[in-house]
Amino acid sequence: MLNRKVLSALGVLLGAAPAVAYDSSYNMPVGVTQIAREVHSLHMIVFWICVAIAVAVFGAMIYSIIAFRKSKGAVADTTMLHSTIVEVIWTTIPVLILVGMAVPAAKTLVRMDDTRNAELSIKITGYQWKWQYEYLGKGISFYSSLGAESNYARQLHSGIDPNTVKDYLLEVDHEVVVPVDTKVRLLLTANDVIHSWWVPDFAVKKDAIPGFINEAWFKSEKIGHYTGQCTELCGRDHGFMPIVVNVVSKEDFARWVADQQAAAKAAAEGAAPTATTATTNAPAASAAAAR
Amino acid sequence: MAHADTHAAHDHDHDHKPSGIGRWLFATNHKDIGTLYLLFALLMFFIGGAMALAIRAELYKPGLQFFDPGFYNSLLTSHALVMIFGAVMPAFVGLANWMIPLQIGAPDMALPRMNNYSFWILPFAFTLLLSSFFTAGGGPAGGWTLYPPLSLQAGDSFPLTIFAIHMMGASSIMGAINVIVTIMNMRAPGMTLLKLPLFCWTWLITAYLLIAVMPVLAGAVTMLLTDHYFGTSFFNPAGGGDPVMFQHIFWFFGHPEVYILILPAFGIVSEIIPTFARKPLFGYDAMVYATASIAFLSFIVWAHHMFTVGMPLAGEMFFMLSTMLIAIPTGVKVFNWTATMWKGSMTFEPPMLFALAFLFLFTIGGFSGLMLAIAPADFQYQDTYFVVAHFHYVLVPGAVFAIMAAVYYWLPKWTGHMYNMRLANWHFWVSTVSVNVLFFPQHFLGLAGMPRRIPDYSTQFTDWNMVSSVGGFVFGFSQILFVILIWQCVRGGAKATDKVWDGLSHGLEWTVPSPAPYHSFDTPPEVH
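Sequence order for the protein chains is A and B.
Note that the first sequence ends on residue 349 in my numbering; no numbers are left out.
Note that the second sequence ends on residue 1152 in my numbering; no numbers are left out.
These are computed hints drawn from the structure, not numbers from a lab.
Don't be surprised by glycine CBs; every beta carbon is placed ideally from N, CA and C.
Where hints are given, some of them may not hold.
[Claimed, not checked] Computed list of lysine to aspartate or glutamate pairs in EDC-like fashion (alpha-carbon distance at most 16 Å, straight line):
| hint | chain 1 | residue 1 | chain 2 | residue 2 |
| --- | --- | --- | --- | --- |
| 1 | A | LYS128 | B | ASP909 |
| 2 | A | LYS277 | A | ASP171 |
| 3 | A | LYS128 | B | GLU973 |
[What the hints assert, rightly or not] So the derived label-pair ranges between C-beta atoms look like this:
| hint | chain 1 | residue 1 | chain 2 | residue 2 | range |
| --- | --- | --- | --- | --- | --- |
| 4 | A | VAL161 | B | THR751 | 49 to 57 Å |
| 5 | B | PHE757 | A | SER129 | 45 to 53 Å |
| 6 | A | HIS215 | B | PHE1097 | 21 to 29 Å |
| 7 | A | SER129 | B | GLY1116 | 50 to 58 Å |
| 8 | B | ARG737 | A | ASP250 | 58 to 66 Å |
Start from the sequences, fold in the hints, and give me the full structure.
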């Protein structure tokens, strides 16, 4: 039985590079949470088991195609009709392999389901076509839409080359800010149709369903920007409502919360919107300095 | 395998056919109806294929080059509906119509007039569906899976889509009834069930699946219709309903549906490989039991299409385990086909080429399916191109290649002519290489993070999308070779013998002349 550490080690050994978001064009990112690492390991283990089975099975097929061809003079063994023993063997071995896969998978599934003891709760509402984030108990609430530059470039016949846009289709006007090493609980719902919130680096994907609330959680171990996209067809601009999570140090998060609350207070009191609303993403510079 | 004892089944005096358009409109002959289904399926394959090429053209580069995103969504929705309900299913029904009576020694299907209705519903159903593109609001754009509330945002296309689906469902149910009644009642004396050719077995089981689940789809889409127009709230939370309930009902249909799309392919491959390996199918009984197990298990795995929906842990666990279980009988079949090849004496005519490509490439699709079954990992795969890669592998080099293999296998029996082998080989090789160029990179795209059902993507996905699009265009255009070959074969070619494949093929269909006479087995053959 594989425990968590062995699983992660196996995953790293089996071909994962320590990754930031989207650094591989071939494979799933290892991610920045314990769960993401476990998921990556599961993925790699199942993958390599499939490769091993493929080598055996395709090997037998290719060997047959080469060795048992009429043009090479092969004569068919027409007495070879069936064998109960062989059927039992090649049923039993796959069952054992599946049990071997199922055990670690079940353990990870149970851990993913445990949303207790979260330090921060964020309610996420999917809209056509943007996300709304509400930090429960903190009085912070904002919408997050596709960034303006991407939004211009993606229009039909815009004439703008997407390669000139930084983080094309993966930038937003208002990022989600969370503290590092903090269990963040997500409450997901939607306003209109079903959406789905996915950040590959956290291995979190959960549908946002109108009239219902789904729960998920993550605990990022690394500071940085992690992007994701809506993953449930939700209409015309389904491909244009990304997610950007900015994981910052706990100090930076506290400062950001204070700024947000101050801005919200000022807005509520009818004062003119300040420059703060435009720079609502936590300062990256101090985050880098803190590292 | 069964052999006919006597050639008294050759009915040379029964070869006069009705003429003119009436022959086709009022067809009750299983061969004519089979031909109608196959030609219809071929047409729909090109229509669905054109939609696919439009999709791949848009995805060739990042940025939007051709289509409004809403129209793009209607392209991907209709691509799936056309391919599943208009190409693959009718093609299998066409093969069933042609071959089941011939393989069991029956003069026709049990219910020939219902057979006619089953076919003729389809052109009307698809006219309805495709005409919806010209309505206000455009064609259906919520995905072929029609999830509410999104599918309820459709405009005037919505009732047309629902009615079209009802019509297709009725056609399938009637066809399935026909298959079961024919196989159960009209087998030649001596043909016990465990002597039935595997193509008939897989179709028998498929027919039961169809009867079980098409009504469920009908129920689901009717509930959508009443939610939209008659004030019900099945799926509307504001009225006390549940959008997720639709997903459960839909996928209770949907999962057996994908086995409906593949079981006849298993049957075809089980006929072809033994013929060209010159060796009987290994483990006939095991193959029958494995097919039946797959059919049974297909009813208890549906929610693996819904792992991210927020099911309770127990549900996720159950569906993960049952889905992994279904890999077992599928694997058993792959092993049995391999054992059929082992110690055989193989030649590689076009049917065998396509059957072997099926074996390799369907198995790859099976592996990605196993990966998808692992629920925690599925959270990273769900609704990405990894899923798209998986199901296209099992459907295109899976089901579609098996259909092509069947056409290449039985076309000489149908037409009486051998076809152009060089053209067939070109068709095979170009198709096989290009289908992999088209779909294999989509695994990478999904793993790297590209969602599905999007018309535009972040620039790091450019390279694999380009490769995939090139593969798509080569694959699409190479199907023209198939059409040319069929056309030429129908019109003429070297005369095919009764046995066609040098006496290798066993089965009653090879005891009638090529082309098969209009009426065959008016007197049942004796089978030992």
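Consistency of the hints with the structure:
The hinted pair formed by LYS128 of chain A and ASP909 of chain B fails the criterion: a straight-line CA distance of about 27 Å is larger than 16 Å. A distance of roughly 13 Å separates the Cα atoms of LYS277 of chain A and ASP171 of chain A; the hinted pair therefore holds under the 16 Å criterion. Between the alpha carbons of LYS128 of chain A and GLU973 of chain B the distance comes to roughly 12 Å, so the proposed pair stays at or under 16 Å and holds. Distance hint check: the CB atoms of VAL161 of chain A and THR751 of chain B are about 53 Å apart, consistent with the given range 49 to 57 Å.
The hint said 45 to 53 Å for the Cβ distance between PHE757 of chain B and SER129 of chain A, and at roughly 51 Å that hint holds. Checking the proposed 21 to 29 Å range against HIS215 of chain A and PHE1097 of chain B shows it holds: the Cβ atoms sit about 22 Å from each other. Look at SER129 of chain A against GLY1116 of chain B: about 29 Å separates their beta carbons, and that is not inside 50 to 58 Å. Between ARG737 of chain B and ASP250 of chain A the CB atoms are about 48 Å apart, so this pair departs from the stated range of 58 to 66 Å.
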